[in-house]
Amino acid sequence: MRTTLTLDDDLVVALRERAQVLRKPFKQVVNDALRRGLSDSSQEQEPPTPEEGRPVFEVKPNHSGFAPGVDPLKLKELNAELENAEILRKLRT
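The sequence shown begins at 62 in my numbering and counts up by one.
Think of the hints as simulated: they come from the structure by calculation, not from any bench. Do not rely on the hints blindly, as some may be mistaken.
[Unchecked claim] What follows is a set of in silico ranges between Cβ atoms, one per label pair, in the way DEER data are often shown:
no.: 1; residue 1: 126; residue 2: 87; range: 47 to 53 Å
no.: 2; residue 1: 125; residue 2: 154; range: 34 to 40 Å
no.: 3; residue 1: 69; residue 2: 118; range: 56 to 62 Å
As the structure is a computational prediction, the values presented were derived from the model and not from experiment. Even glycine gets a Cβ: it sits at the ideal position worked out from N, Cα and C.
Whole structure, please, built from the sequences with the hints as guidance.
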């Protein structure tokens, strides 16, 4: 369907840039943007793909505990000793 629509200048610039980056026709980029904007926000949206012009990052959970055999109390003591040594070094100079 053909219709006339007046868009703000900044939107036209952003849509044209997106069309160029995605190598898609301007019309398709506008339609895609409108569809995304009108979609029900309560529905879970699919993650972006590289084809959509946004990077996709995969985050893997990492156990952040101490390695076996590492005593956190000893680390705290070592840190305090290093801080004290640094303070003494600064006082001497």
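For each hint, the structure was consulted:
no.	hint	in the structure
1	126 to 87: 47 to 53 Å	holds (52 Å)
2	125 to 154: 34 to 40 Å	holds (37 Å)
3	69 to 118: 56 to 62 Å	violated (31 Å)
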